[in-house]
Amino acid sequence: MFESLLLLWICLCVLFILFRSGRPKNFPPGPFALPFLGNAFNLSLDNPLKYFESLRRTYGNVYSLYIGPRAVVVVSGTQALKEALVNKAVDFAGRPQDIYMTALFEKKGLILADYGQKWKEHRRFALMTMRNFGLGKQSMEQRILGELQHTINKLEKNTGKSLSAQVMFHNIASNVICLVLFGKRFKYDDEFIIKYVNNFTEINKILNGPWSFVYDSFPHVRCLPLPFNEGFKRIQTVKSMTTSIINEQKKTRVPGQPRNFVDCYLDEMDKKASDNTTLSPEELLMSCLNLHSAGTDTTSNTLLTGFLYLMTKPHIQERCQQEIDRVLEGKDCVTFDDRHNMPYVQAVVHESQRVADTVPLSIFHSTTRDTELMGYSIPKGTIVIPNLSSALNEEGQWKFPHEFNPENFLNHKGEFVKPDAFLPFSAGSRLCLGESLARIELFLIMVTLLRKFKFIWPEDAGEPDYELVFGITVTPKPYNMKLKLRTTQ
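Using our numbering, you'd call the opening residue of the sequence shown number 17 and step up by one each time.
These are calculated hints, taken from the structure and not from any lab test. Be aware that one or more of the hints could be misleading.
With a cut-off of at most 35 Å between alpha-carbon atoms, the simulated DSBU-like pairs for lysine-lysine come out as follows [what the hints assert, rightly or not]:
1. K493 - K123
2. K203 - K470
3. K288 - K249
4. K203 - K177
The structure displayed is predicted, hence computed values, not measured ones.
Kindly generate the complete structure, drawing on both the sequences and the hints.
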């Protein structure tokens with residue numbers, strides 16, 4: 017018995033030494049981790065942000081922990097995030113290629129491709145397309161306002177009733193991104209789009225859950241029939257559905273006369289057919305999936321957060337409406353340029369983004385070469401987690417870091433200002449491709465709806481719950497809203 021216990025103790029010591037030796041010299045410090053399991057028992061998958069904050073207080077803004085047997089670096093705070101993502105953008109521009117999210121999307125698409133020629137070519141194309149195709153210009157504004165009219169028509173028929181805010185905002189955001197990608201919107205009760213969105217929702221649940229963690233931490237179990245395989249089945253479903261939309265677009269496409277993102281991509285493929293291009297039908301398909309998923313959840317969740325506070329803090333809603341009425345007096349509709357005359361509304365939109373904290377841990381990065389950060393050495397290929405949430409709530413960066421208050425974006429003269437710590441879209445090389453679209457959407461949607469309706473917290477809804485549900489994207493808990501037509505418009 018004694019010999020068995022001694023042998024077990026020796027084995028555990030050897031495993032501990034081997035495990036600890038995996039942390040390179042001058043690597044960021046971090047907590048004790050168990051062999052093979054790492055910090056799994058400390059890391060709450062429901063919401064790891066509190067654990068991350070406790071580690072930050074102990075080890076500083078750059079520290080490491082273990083996901084299974086693999087060390088990762090977490091970067092927190094405005095200064096360290098800017099140093100990594102902006103000042104050393106190329107060093108931290110990679111994407112880990114052996115995790116569940118990347119595997120689901122087959123290492124393809126605009127968002128999940130690793131740093132290299134393919135990513136650079138697709139990034140240039142996407143930025144050029146979004147700039148030239150009308151994002152930020154009148155044509156994009158008209159698409160958004162046109163979609164809003166469908167929502168307004170439905171809301172006018174349901175004034176005084178209790179409505180699902182989640183469904184409403186998700187429908188708007190989904191159709192706007194569909195208009196950008198495919199030049200097509202769907203009726204809100206269309207079975208195709210309901211099935212399409214439902215599959216993305218289920219994929220996100222798996223991505224946010226324990227089986228994604230198991231896949232990332234223990235590669236040897238990936239061949240087993242475990243629940244993470246459901247994600248691969250569902251991604252095949254949305255691939256098939258998206259392919260049908262793209263094929264439908266091809267039937268009416270006129271080369272050289274692009275109507276949407278798909279047309280622009282196909283034109284670019286034709287133009288570079290004889291070149292050594294990375295553009296391909298497979299990359300187009302995955303780029304559409306990337307953009308739809310990212311562009312729908314982030315926008316709808318930000319609106320959900322904003323209107324939750326507008327209803328439960330009616331003095332903020334009223335001040336917005338006063339500013340909107342004054343600036344838009346005599347005008348049929350709002351334009352994005354009107355934001356320059358609406359500092360308070362701008363502040364509310366940005367405060368909604370800050371508090372919504374929709375992508376708190378960004379999408380994981382990896383280092384493209386051996387590098388240094390804040391005095392620590394980080395080898396090539398290390399997974400890096402940018403804790404964007406830490407900047408959005410950082411003490412000393414905000415007047416009111418832990419409450420919803422538009423004053424966070426207003427100076428002493430009441431003018432709109434944007435602090436350096438405002439990083440909801442990340443920064444540097446991997447800055448969110450949809451930033452310009454999201455900014456236009458959020459402003460136009462919020463102004464248009466507030467001009468038309470007064471939003472009311474239902475009497476039978478109880479006390480509002482401001483706690484956010486953590487995931488790849490963060491969302492408020494589902495809630496209903498009531499509304500009534502305003503007399504002043």
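Evaluated hints:
Straight-line distance between C-alpha atoms of K493 and K123 comes to about 32 Å, which keeps the hinted pair within the 35 Å bound. Among the hinted pairs, K203 with K470 is consistent with the structure: their alpha-carbon atoms are about 25 Å apart, no more than 35 Å. As the CA atoms of K288 and K249 are separated by approximately 33 Å, the hinted pair is consistent with the 35 Å bound. For the hint linking K203 to K177, the alpha-carbon distance of about 21 Å falls within 35 Å, and the restraint holds.
The structure meets every hint from the earlier list without exception.
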